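Below, each chain spelled out in residue letters.
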Amino acid sequence: MVEIRFHGRGGQGAVTSAELTALAAIEEGKYGQAFPSFGPERRGAPVMAFVRVSDEPIRTREKVYEPNIVVVLDPTLLSIVNVEAGLREGGIVVLNTSKSEDQVRKETGIKARLALVDASHIAMDTMRVPITNTTMLGALLKATGLIKMDSLKAPIENRFGPIAQKNVNACARAFEETKVEG
Amino acid sequence: MGQTLIMTGTQAAALAARLSRVQVIAAYPITPQSKIPEVLSEYVESGQLKAELVRVESEHSAMTVCISASMVGARVFTATAANGLAYMHEQLHWAAGARLPIVMPVTNRGLGAPWTILNDMQDTIAQRDTGWMQFYCMNNQEVLDQTILGYKIAEQLLIPVMICFDGFRLSHTVMPVETLTEKEVDGFLPPYKTPYKIDPQNPVNMNPVVLTDPIPDPHGELCPSYMGFRHRLQETFENAWPTIQAATREFTQLTGRSYEDCLYRYQADDAEMLFVTMGSLSSEATEAVDALRAGGTRAGVIGLRVFRPFPAATLAQAVSRAKILLVVEKAISYGYEGALNTELKAALFHENGNRPAIFNTIVGLGGKDVKPKDLEQIARESAQEASKGTVQTHPRWFGYGI
Numbered sequence: 000m001v002e003i004r005f006h007g008r009g010g011q012g013a014v015t016s017a018e019l020t021a022l023a024a025i026e027e028g029k030y031g032q033a034f035p036s037f038g039p040e041r042r043g044a045p046v047m048a049f050v051r052v053s054d055e056p057i058r059t060r061e062k063v064y065e066p067n068i069v070v071v072l073d074p075t076l077l078s079i080v081n082v083e084a085g086l087r088e089g090g091i092v093v094l095n096t097s098k099s100e101d102q103v104r105k106e107t108g109i110k111a112r113l114a115l116v117d118a119s120h121i122a123m124d125t126m127r128v129p130i131t132n133t134t135m136l137g138a139l140l141k142a143t144g145l146i147k148m149d150s151l152k153a154p155i156e157n158r159f160g161p162i163a164q165k166n167v168n169a170c171a172r173a174f175e176e177t178k179v180e181g
Numbered sequence: 000m001g002q003t004l005i006m007t008g009t010q011a012a013a014l015a016a017r018l019s020r021v022q023v024i025a026a027y028p029i030t031p032q033s034k035i036p037e038v039l040s041e042y043v044e045s046g047q048l049k050a051e052l053v054r055v056e057s058e059h060s061a062m063t064v065c066i067s068a069s070m071v072g073a074r075v076f077t078a079t080a081a082n083g084l085a086y087m088h089e090q091l092h093w094a095a096g097a098r099l100p101i102v103m104p105v106t107n108r109g110l111g112a113p114w115t116i117l118n119d120m121q122d123t124i125a126q127r128d129t130g131w132m133q134f135y136c137m138n139n140q141e142v143l144d145q146t147i148l149g150y151k152i153a154e155q156l157l158i159p160v161m162i163c164f165d166g167f168r169l170s171h172t173v174m175p176v177e178t179l180t181e182k183e184v185d186g187f188l189p190p191y192k193t194p195y196k197i198d199p200q201n202p203v204n205m206n207p208v209v210l211t212d213p214i215p216d217p218h219g220e221l222c223p224s225y226m227g228f229r230h231r232l233q234e235t236f237e238n239a240w241p242t243i244q245a246a247t248r249e250f251t252q253l254t255g256r257s258y259e260d261c262l263y264r265y266q267a268d269d270a271e272m273l274f275v276t277m278g279s280l281s282s283e284a285t286e287a288v289d290a291l292r293a294g295g296t297r298a299g300v301i302g303l304r305v306f307r308p309f310p311a312a313t314l315a316q317a318v319s320r321a322k323i324l325l326v327v328e329k330a331i332s333y334g335y336e337g338a339l340n341t342e343l344k345a346a347l348f349h350e351n352g353n354r355p356a357i358f359n360t361i362v363g364l365g366g367k368d369v370k371p372k373d374l375e376q377i378a379r380e381s382a383q384e385a386s387k388g389t390v391q392t393h394p395r396w397f398g399y400g401i
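Residue numbers (numbering that gives the first Met the number 0), protein chains in the order written: chain A, 0 to 181; chain B, 0 to 401.
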């Protein structure tokens, strides 16, 4: 079982990212589960969303305490949330940032393997909105190979209707531009 | 066959209402069920569901709308949680006494004070004695299936039913759900028809004041007393199992998914130690059981899908070979213990007189996370107490901090 924790701010689509990931897993014949950090949703406040992907049916709904993968949708969270908390040995942090790896390490003290992409820029450029959920899914795919890009297309089309193509484009571009540490 | 989709518990409940072709919906928001009327209003707006969606000003009114619409023969639906359910309390008794087959999902949530919007089962357990059936769901598949089954069963017994599922843990978690087609559900659940309804062409007086003794109606026919009416309700509950089992058997033929056993059983046959739980806890308990078995303890799970009518005989039989019972609950009857614990002991007293070591543990109140590891710990520590011959006098409260 692979466990993922998304960090975002209320309204940025962390929950949508999580649900799309679970949907894509199901497209591939796996089992998927996704849920938000339970509580009153507040726009702009730090929120989390969780995903489990497994070859077996998923029986637990406890929070994800020890993720294999952490995805950070908003770079401003790095100074207020310990995004690395509980990350498993060999885990990876997928970050939306315009900064270099050295800068990120210096400023945040993150020790885990990193995958970096300027998702805010890509989202503004391709969709004209600073919502990075589908963009960061491209980065997640590149960084982990957890699911295939093709498996995400149908879920994105179903979710976004007329603006689906822009989201697919943003996702694909992020896939290309994400730098994954060796 | 329908498709396998991925959905939250609230989406599953709303889909079930649409597939059941409900005709009147009383809509009132309360977390964590608000998404149910939201999705239903989209169905009505888009024409996917032909129903009257009545926006009401309170839960008390929501149940009143359901009662009124059911009395003219409509298939009705509403959903609620926690303080909203408590606010309905008076009307819940009325709906059951009037024998109206209302189906109502409840996303289980803790009650104030202090405020919480998160999950426990205090809300529905506190409505145990209103005369409603109560079905509990382990996952979102069961939310969809049990809601549809709810109409099938309620409309035959003329008893309303609450479809209880854990707030957030199920209501807000997406997971795979195998759907049914409209045609499949139409074949399983024919339109609701009742000879007992308000009809201007054939005026009748329903639920008037009755007296302590039977009295003749205007046609000279003897009408039951209050106790006579209420005894009929109890009698229907006592004889409900064949109807419930016939409905679930038909559902199994349709879907391949079995609800015929009112208990969910996991590794229970040879278990020396059994978790006895309800709702999504039964699912987490299976993981604890796997871990305990890996360590050499023969553990298992018995999860109640139906709490009213209470499956006393089936439950007593199901736990008869276990030496230790771990009754883990997300509700408590203050001043005593968990309701399930009390009822389980009473069932053993009646059915076979067995006296296994029973440990009642209260968990997860106000949304406190319950992890399979917690359940494993509860099992190990209870087994230790059992080996010392400890008899529990008060329920254990697990993991509340201060």
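If you're looking for bench data, these hints aren't it; they were derived computationally from the structure.
Be a bit skeptical, because a hint or two may be false.
List of simulated lysine-lysine pairs, DSS-like, C-alpha gap at most 30 Å [said to hold, decoys possible]: (1) K62(A) to K367(B); (2) K49(B) to K29(A); (3) K387(B) to K34(B); (4) K62(A) to K182(B); (5) K49(B) to K182(B); (6) K182(B) to K110(A); (7) K147(A) to K62(A).
Owing to the predicted nature of the structure, the values given are computational and were not obtained by experimental measurement.
Consistency of the hints with the structure:
As the CA atoms of K62(A) and K367(B) are separated by approximately 10 Å, the hinted pair is consistent with the 30 Å bound. Restraint check: the Cα-Cα separation between K49(B) and K29(A) comes to about 36 Å, which exceeds 30 Å; the hinted pair is violated. Restraint check: the Cα-Cα separation between K387(B) and K34(B) comes to about 49 Å, which exceeds 30 Å; the hinted pair is violated. For the suggested pair K62(A) and K182(B), the alpha carbons sit about 38 Å apart, so the restraint of at most 30 Å is broken.
For the suggested pair K49(B) and K182(B), the alpha carbons sit about 16 Å apart, so the restraint of at most 30 Å is met. Between K182(B) and K110(A) the alpha-carbon distance is near 56 Å, which puts this suggested pair outside the 30 Å criterion. A distance of roughly 25 Å separates the Cα atoms of K147(A) and K62(A); the hinted pair therefore holds under the 30 Å criterion.
Checked against the numbered hints given earlier, the structure breaks hints 2, 3, 4, 6 and satisfies all the rest.
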